[in-house]
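K.L.:
Single-letter residue listing:
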Amino acid sequence: MSRLVAFAAIQGGYKVVSQVEGELERALKSYDASTKIGFGNTAYYLPVIYSLTGMKCETLEDLKKPLEFARGLLPPHLKGANHLPYLGPLLDAGMAGIFAYEIKEAIRILNQPDYYTFTEDPDVDAGKIWVGPADDTILRKRGVEFVDGSAPGFAAIVGAAPDAETAKMIIEDYQKKSLYIFCAANHNGKTAIEQCLEAGMQIGWNTRIVPFGPDISAAVFALGFANRAAMAFGGVQPGDYRKMLMYNKNRIFAFVNALGDVGTEWAVAAAGAVNWGFPTLADTDIPEILPTGICTYEHVVANVPHNEICQKSVEVRGLKINVTEIDIPCAFGPAFEGERVRGGDLFGQMGGGKTQCTELVKMAEMSEIEDGKVNVVGKDIGDMKEGETLPLGIYVQIAGREFQPDFEPIMERQIHHLINYIQGIMHIGQRDISWVRISKAAVEKGFTLKDIGVVLHAKFHQDFQKIVDKVQVTLFTNQDDVDKLTARARAEYKTRDERVDTMTDEDVETFYSCSLCQSFAPSHVCTVSPERTGLCGAYNWMDCKASFEINPTGPNQPVKKGKVLDAKLGRFEGVDEFIKGASKGAIDTYNFYSMVQAPMTTCGCCECIAAMLPSCNGIMTVGRDYAGETPSGMKFTTLAGVMGGGASSPGFVGHSKFNITQGKFILGDGGLLRMVWMPKMLKEELRDRLNKRGEEMGVKNFADLIADETVGITEEEILPWLQEKGHPALSMEALIG
Amino acid sequence: MAEAKQAPAKAPKLADPMEASIEASTQEMIRRAQRLQIETVFDRAVTMKPCAIGLQGICCKNCAMGPCRLPLPKDGIEGEDTRKGLCGATANTIAARNFARMIAAGAAAHSDHGRSVAETFLAVARKETNDYTIKDPAKLIQIAPYFGVATTVEVDGKTMDRDLDEIALGVAEAAMAEWGKTGSTLAYLKRAPQPLQDKWKEQGVLPRNIDREVVDIMHRTHMGVDQDFKNLMKQGTRCSLADGWGGAMIGTDLQDVMFGSPSPLQSEANLGIMKEDHVNIIVHGHEPLLSEMIVAACQSQEMIDYAKEKGAKGIQLGGICCTANEILQRHGVPPAGNYLQQELAIITGACEAMVVDVQCVFQNLANVAKCFHTKLITTHPMAKMEQENVVHIEFDEHYAMQDAKRIVKLAIDNFENRGADIMIPRHKMKQIAGFGVESIRYHLGGSFRGDYYTLNDNIINGRIRGIAGVVGCNNARTKHNEEHITIIKELIKNDVIVLTTGCSAITAGIHGLLTPESAAVHCGPGLAEVCETVGIPPVLHLGSCVDNSRILLAATEVVKAGGLGNDICDLPAAGSAPEWMSEKAIAIGQYFVASGVYTVFGYHMPVDGAPVFRDHLYKDMEKIYGGKWDCEPDPIKHAHKMIAHIDKKRKELGIDKARERVLMDMADRQALGMD
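Sequences listed follow chains F and Z, in order. Under our numbering, the residues of the first sequence are numbered 1 to 737, in order. Under our numbering, the residues of the second sequence are numbered 1001 to 1675, in order.
Keep in mind the hints are simulated off the structure, nothing from the lab. Check before you lean on any hint, since a few could be wrong.
[As the list claims (entries may be wrong)] Computed list of lysine to any residue pairs in SDA-like fashion (alpha-carbon distance at most 20 Å, straight line):
{"hint": "1", "chain 1": "F", "residue 1": "K312", "chain 2": "Z", "residue 2": "L1663"}
{"hint": "2", "chain 1": "F", "residue 1": "K312", "chain 2": "Z", "residue 2": "E1660"}
{"hint": "3", "chain 1": "F", "residue 1": "K362", "chain 2": "F", "residue 2": "E492"}
{"hint": "4", "chain 1": "F", "residue 1": "K320", "chain 2": "Z", "residue 2": "D1668"}
{"hint": "5", "chain 1": "F", "residue 1": "K168", "chain 2": "F", "residue 2": "Q202"}
{"hint": "6", "chain 1": "Z", "residue 1": "K1234", "chain 2": "Z", "residue 2": "R1101"}
{"hint": "7", "chain 1": "F", "residue 1": "K373", "chain 2": "F", "residue 2": "K450"}
{"hint": "8", "chain 1": "Z", "residue 1": "K1657", "chain 2": "F", "residue 2": "E298"}
{"hint": "9", "chain 1": "F", "residue 1": "K320", "chain 2": "Z", "residue 2": "L1672"}
{"hint": "10", "chain 1": "F", "residue 1": "K584", "chain 2": "Z", "residue 2": "A1671"}
{"hint": "11", "chain 1": "F", "residue 1": "K320", "chain 2": "Z", "residue 2": "L1663"}
{"hint": "12", "chain 1": "F", "residue 1": "K243", "chain 2": "Z", "residue 2": "V1215"}
{"hint": "13", "chain 1": "F", "residue 1": "K79", "chain 2": "Z", "residue 2": "G1512"}
{"hint": "14", "chain 1": "F", "residue 1": "K584", "chain 2": "Z", "residue 2": "L1672"}
{"hint": "15", "chain 1": "Z", "residue 1": "K1560", "chain 2": "Z", "residue 2": "E1652"}
{"hint": "16", "chain 1": "F", "residue 1": "K243", "chain 2": "Z", "residue 2": "E1622"}
{"hint": "17", "chain 1": "F", "residue 1": "K563", "chain 2": "F", "residue 2": "E573"}
{"hint": "18", "chain 1": "F", "residue 1": "K79", "chain 2": "Z", "residue 2": "E1622"}
{"hint": "19", "chain 1": "F", "residue 1": "K664", "chain 2": "F", "residue 2": "D566"}
{"hint": "20", "chain 1": "F", "residue 1": "K320", "chain 2": "Z", "residue 2": "D1665"}
{"hint": "21", "chain 1": "F", "residue 1": "K312", "chain 2": "Z", "residue 2": "R1659"}
{"hint": "22", "chain 1": "Z", "residue 1": "K1230", "chain 2": "Z", "residue 2": "A1671"}
{"hint": "23", "chain 1": "F", "residue 1": "K320", "chain 2": "Z", "residue 2": "V1662"}
{"hint": "24", "chain 1": "Z", "residue 1": "K1234", "chain 2": "Z", "residue 2": "G1562"}
{"hint": "25", "chain 1": "F", "residue 1": "K466", "chain 2": "F", "residue 2": "A364"}
{"hint": "26", "chain 1": "Z", "residue 1": "K1430", "chain 2": "F", "residue 2": "A81"}
{"hint": "27", "chain 1": "Z", "residue 1": "K1181", "chain 2": "Z", "residue 2": "V1215"}
{"hint": "28", "chain 1": "F", "residue 1": "K362", "chain 2": "F", "residue 2": "K243"}
{"hint": "29", "chain 1": "F", "residue 1": "K312", "chain 2": "Z", "residue 2": "V1662"}
{"hint": "30", "chain 1": "F", "residue 1": "K64", "chain 2": "F", "residue 2": "R108"}
{"hint": "31", "chain 1": "Z", "residue 1": "K1127", "chain 2": "Z", "residue 2": "M1401"}
{"hint": "32", "chain 1": "F", "residue 1": "K243", "chain 2": "Z", "residue 2": "E1652"}
{"hint": "33", "chain 1": "Z", "residue 1": "K1135", "chain 2": "Z", "residue 2": "E1173"}
{"hint": "34", "chain 1": "Z", "residue 1": "K1430", "chain 2": "F", "residue 2": "K373"}
{"hint": "35", "chain 1": "F", "residue 1": "K450", "chain 2": "F", "residue 2": "E492"}
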């Protein structure tokens, strides 16, 4: 009965394109043709149109061309008997509909600039529940999860379930599977998002339930997000529509759940999504399209019962999800990481300034501990009243033939997100400044502190199989025990920090490669040294070393430094040889300590991008969470577009936040003292470390000499300020030449 | 055949219409012919038996010492085969020489058609004609690189699109050279999958130029030259490749460039498309050069007005044989019938003119036309008829439209001469035709995702069991249309998708197998589901017999799309010509075999008198090229031989079992390619 689907989708295509043509015509009558349009802070214009056709829509006038293109894609209407083939026309009509929807949303944003919040989380209290298109900051933060697999894909839910309970059941199931849930459209005025709120769920990017918009046209934001991820991280060029769509089919495992009656406007969107390889599963009796080809498996599956739709969707998309079944009373998974426990929901808490809360991981002898043993020493949740606090010490002992003390901090860092993965539990901070907030909902389900131990035991085994043989967890809630643990932990932290902070590139013979992102930025090869942590901020030298020990054939491989070819710029024979091979000849050399001469390549994942500011004789850097303009003349997203994707671009380099204050940061170009501009947010975050490193280099209170956006966002604006402050860069040798 | 075995009667024996054809309008028209005492091919087939020695393929008349006939005894030969001609030529040599000469004739026919097209295209490129233009520039740009013609130019360091006229001239000159060039091999061979090219190279069968391979056969089959059947077939292969991957393929491509590449369209088929109140013009033969112009002339207001002036309501154009297919594929002009219906179109009494060019045209048309007002018009300088009632209007591509209008006008003028006794059968069928390599790609995924992989995926998952090419002629020695239809139905019932060309395609259209609706009626569940998804008939019309090159290219696209091996011979595919009769069919069969396709012919093969040579074709060929010949007159067995071969290939590919649903984690996905 594909003919009926084709018939509906082609009808829908005509309807949507005609509607949007009307809307555009009206908009052109009310506004000047040169009026700016767009989806907010993004370097990708209207991303679906840009990615598939290369057309850059910046003004109202620019919308005409893609809309004409969409009109041109519309195939002839289907005849009843002896019809012509319709699969190709159906997919073309779908694409026309998607283009029109994207234009429709652009016009909506022009007409109602406040319609969407454009934030990670909506402002539910203010009644603004629709976030609209994700900006590039969200894209960079979340897109990486699609890249590294921590988000296996997304479920695009259109419409609404029959009731809030059913919506909750479906959406929570996807959360447990770590999928993102992109919501759009309404069924008879009701949306799944409203149902989530009704059921008391938290919505927003942080809980992976993304309220894009209440109309079917907002579903285009999901496709735009997927395509931007492919451009930002996958190196797919705008206009290379074939590669773009195949990238989505083979990398981004997404699917559509149509909850409610599927009319022509939904049908055209579903047909459009099939171009991406995203199938549709519906809870109503619509014609099915079961043969495979465009999608990996079935294209349209109908009549799926609500209690089976998650399992069935995952199967139809061909998605393998490794859900950890951990024996705790609460749901568990990355989707719950961003969930908050707000004042009204709070049952009790540990740490966070109210009490002491400390975490410590220590290596143990095999005979010393018992695997799986979780001890709660002191009061547990059952002994608490609502609103009470407790001190908490989380002490994890790990034994393993391959385990090394160097791995202790790496394991300890896992505690934060692993506890956060428990639904209804919130974890903030680390080490001796941890803070655990427990919600009433979790306690109602039967959560106890022992469950923290159960989670850590299970996940440490699962994620670190190779190095972990035994895990024992002790949770202290007596003040004395906690104090004792804290004192011991602080001594440990100090020793560790000194070891890591004082470690230099000269101390080691081996660096580590990181090709985690290489399947996305094919010529990009990160090399991580003790004084140049990975540009994504996630991997330092020690992490890479551990990762290699855990998985010797994995993405982190040892790279012998070999002969030092240039000590100042940081060029090493062994590294050059390695990157030549690993980039398949695309790159034959780069320097660790320079951004001016053959800098290291950059993928789309970097935390910050530094750029030269020639008239200031210095450099600036900008973090990916700063959306504004910078003195380089480009926003972060533009910079990332210019030099991401595995290119070595002299004058620019990607790096981590932490790297800024490391000893070798662009030392070949003069080091940290070249830094003349940073976003205020970043400067404040690093203030102490900036001052410390500045002092080591002979400049006191260096952070105060660095300009930020409050001083100016052009070189002309900041230069007089730098001169006034006597910024050291101004008197350094010329940066170029 | 059944009729042939019956004892001869005293009075001239007439064909039994129900035995002659399975098709109702044909049966009706045979009856009418007999009533009007007009003899047709069906009657002659009853009265005249085929030569039993010629049937075996072992009659040698290549020199005046013969003809030498070496019939194989009924019970075969025990021990040494001592049969010899006067010169000592063995049965193998004689059968192989005859077979090679059939290939030469077939290849010559296709390739000479291709040459005419190339010559016309050269005239277009040189701007010597206004009547033809370049309708599909994309196709021109697509094929130019194979001829070594650049499609871009460097201007000030920038790559720009090259002027289309320059590309056209480059392609036209290079294409013309394919017939007579020296020092290299044919340009289009590199379109084949690499392992196949390697095989050809290793065997030494890469064609040098098109004409030379035909001449070579005529030379080596002259008395006393090549007397090794294996060596003869090597040249037979080389000549056939010069057809399939040479003359025919160039013909198809340049026709697409000038007349447009086909895309699916709706039309009708069978004698019932002729209209009582219209001027009926039937074009018959093979080359679309003239028929394209006749289509345009018939659609011109000038001619329509003229027809009305003469009392007709309009002009109904119809086709027979491959000319029909050419104008069907590109313009939706309906075929009036296949090869065996050519006389019947005139016997309706409503045919004002039958315009013929080359190949498969009965001389008896002139005798039939004599009984009616019908003007039989020959148009090709190499194809005239001795009968006096035949009009010859020679077609010159430089004055194409002028000639076409003259012909159409002649037909219109003839409308008033139509007699009272006319009978147009009511039978006609709707059909969807117009498939081609490019349009299939589009329909497998649209403008953005069009890809043969969609087809492959459904072959791998078992919904489609395999691909069959069912092509070829009709033959009055078999029951008209029966073998085609029985075989095609049996194949699609077993989930084998069918690509068809030539008279086989017209047959499928007449019997309603080219409608999407037929999928639900005749197909196995898997194929039906795929047809439903894509909206296609289970039998895809790929054009005329020259367009068999499209099947080669489609097969190559399937190989390229991946998952089904590295060469055409790896594919779960087979070929068939159930009711073949022409030498072109032998040439086509050989190039399919040499391209790796298991090819089964119906009726009989002229090789039975030389069993060793027959084994060379039926067995040895597979070891050399991956494809081989076979013959099976029983249509059901015929289909199942093809299916067995398809199953063998599925097993070799490891896709004979149900495909498991593989669920992929991130590592699995990263291992997937992106193309």
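K.L.:
Please go over all the hints and tell whether each is borne out by the structure.
P.N.:
Against the structure, the hints:
no.	hint	in the structure
1	K312/F x L1663/Z	holds (12 Å)
2	K312/F x E1660/Z	holds (15 Å)
3	K362/F x E492/F	holds (9 Å)
4	K320/F x D1668/Z	holds (9 Å)
5	K168/F x Q202/F	holds (11 Å)
6	K1234/Z x R1101/Z	holds (13 Å)
7	K373/F x K450/F	holds (10 Å)
8	K1657/Z x E298/F	holds (19 Å)
9	K320/F x L1672/Z	holds (14 Å)
10	K584/F x A1671/Z	holds (17 Å)
11	K320/F x L1663/Z	holds (5 Å)
12	K243/F x V1215/Z	violated (48 Å)
13	K79/F x G1512/Z	holds (17 Å)
14	K584/F x L1672/Z	holds (18 Å)
15	K1560/Z x E1652/Z	holds (18 Å)
16	K243/F x E1622/Z	violated (38 Å)
17	K563/F x E573/F	holds (5 Å)
18	K79/F x E1622/Z	violated (45 Å)
19	K664/F x D566/F	holds (13 Å)
20	K320/F x D1665/Z	holds (5 Å)
21	K312/F x R1659/Z	holds (18 Å)
22	K1230/Z x A1671/Z	violated (47 Å)
23	K320/F x V1662/Z	holds (8 Å)
24	K1234/Z x G1562/Z	violated (30 Å)
25	K466/F x A364/F	holds (16 Å)
26	K1430/Z x A81/F	holds (9 Å)
27	K1181/Z x V1215/Z	holds (14 Å)
28	K362/F x K243/F	violated (47 Å)
29	K312/F x V1662/Z	holds (14 Å)
30	K64/F x R108/F	holds (16 Å)
31	K1127/Z x M1401/Z	holds (15 Å)
32	K243/F x E1652/Z	violated (31 Å)
33	K1135/Z x E1173/Z	holds (19 Å)
34	K1430/Z x K373/F	violated (77 Å)
35	K450/F x E492/F	violated (25 Å)
Of the numbered hints given earlier, the model fails hints 12, 16, 18, 22, 24, 28, 32, 34, 35; all others are met.
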